[in-house]
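Colleague: Using the hints provided, position chain B relative to the given structure of chain A.
Protein chains in written order, with my numbering: chain A, 71 to 230; chain B, 137 to 341.
Each hint should be verified, as a subset may be incorrect.
Non-contacting residues of chain A with respect to chain B, defined by C-beta distances greater than 12 Å in every case (computed) [said to hold, decoys possible]: (1) Ala-116; (2) Asp-170; (3) Glu-198.
Simulated coverage check for chain B against chain A, where a stretch passes if three residues somewhere in it have a Cβ under 8 Å from a Cβ of chain A [to be verified]: (4) 206-220; (5) 261-275; (6) 301-314.
No wet-lab data here; the hints were simulated from the structure. Even glycine gets a Cβ: it sits at the ideal position worked out from N, Cα and C.
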Amino acid sequence: MTSFCSIKQLALGLSLIGMAWQVSAQTLISDAWVRASVAGQPSTGAFMTLQSDTDSKLLSVQSPVAKTVQIHQMSMKDDVMRMGQVESVALPAGKPVSLDPNGYHIMLMDLTGQVKEGAKVPLILTVENAKGETETIKIEAETRALGTMDHSKMDHSKMN
Amino acid sequence: MLFSMSTLYTRRTVLRGMSLLSLGLLAGCDDSSKLSFKYGKDLSDKIMGRNFKLKDAQGETRMLGSYRGLMPMIFFGFTQCPAVCPTTLARAAQAKKLMGRDGDRLQVIFITLDPERDTSEMLDAYVKAFDPSFEALYGTLEETAATAKEFGVFFEKVPSGSTYTLSHTATSYVFDSRGNLRLGLSASLTAQECAEDLLTVMEVC
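Extracted from the complex, chain A is given alone in its bound form (with noise of 0.2 Å):
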């Protein structure tokens, strides 16, 4: 009884040690940042590049400059822009996720207030792996001026 008892409980101890890992290490966000914008706006957008470890899928967002935040996805065809929302996005495993103005993006809407040029605004990302375990992400994103150009977009071979 003792032994089973202990046994429980290195397994209970084990689980933890690995839960933690894993939110430590699930999702890697970089190069985070959002949209300034003008006084009376009320939205702007966030965006980001997401890794996760394993298949995951980003839920949600929020944060508390918006008192709601959704995730669209933006398309182009034939000069057409077509905006839409989407309940989730896809992350597959090792691969870098972009969240940029050419594709999905975070809309931070019915903004609290103006999102200033160089002001970090707290985003928190809710992800849900193949298992169906979430975690919670929290990270600062700076804000850039409303004409920052999307390098990502940016044709390299083109330039001289």
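Modeller: Okay, now just chain B, sitting in the frame of chain A:
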């Protein structure tokens, strides 16, 4: 009386002579029905966007004729657009700089497709954040729809939770300094590519 008649006659002749001269100078202007652009689409044979009547930030009525002598570049969008609108306006600001002194004649005009939410004050601050020379125009819902139709611009509201977003045409429309539609620039082009084609428009008129 006779004297003043002849003066009038002389003046008329001079005026006629001057208008002939200016026609000669601007021969390539409205006569050429085709232009060759490296990146954009030649719209010289399209009759579009001639009759819009909207308001600027000061509430003044603006029409195509209000920009005579300038090269208007018109883009439709909305300020809650996180992607293509700011990218296109930033590209326009960059193209204007790349054009050097010729860029002074480029008048970027942003027409909102979301007049219900884009107030004139906010619209003005928005476009001027890209370049202080940029102008924003707005109309009623009906005027907005009529203007979009005139340009062949598609737009529709897309419900998004408790609110909505918009899908819309992302082309920039360029007129020459005499108000003839010339060029359509797709959202996929770079600032450098746009600047080159804009200079082609300027060479003609």
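Colleague: Hints first: check each against the structure and report whether it holds.
Modeller: Verification of the supplied hints:
The Cβ of Ala-116 (chain A) sits about 8 Å from the closest Cβ of chain B, inside the 12 Å cut-off, so the non-interface label is violated. Asp-170 (chain A), annotated as away from the interface, has a beta carbon of chain B within 12 Å; the closest lies near 8 Å. Against the 12 Å criterion, Glu-198 (chain A) stays outside the reach of chain B, whose nearest CB is about 20 Å from its own CB. Under a criterion of three residues with beta carbons nearer than 8 Å to beta carbons of chain A, the stated coverage of the stretch 206-220 of chain B is upheld, 6 such residues being counted.
With a threshold of 8 Å between beta carbons, the proposed coverage of the stretch 261-275 of chain B by chain A holds, since 4 of its residues qualify and at least three are required. Restraint check on the stretch 301-314 of chain B versus chain A: 7 residues with Cβ-Cβ distances below 8 Å, three needed, restraint holds.
The earlier numbered hints that this structure contradicts are 1, 2.
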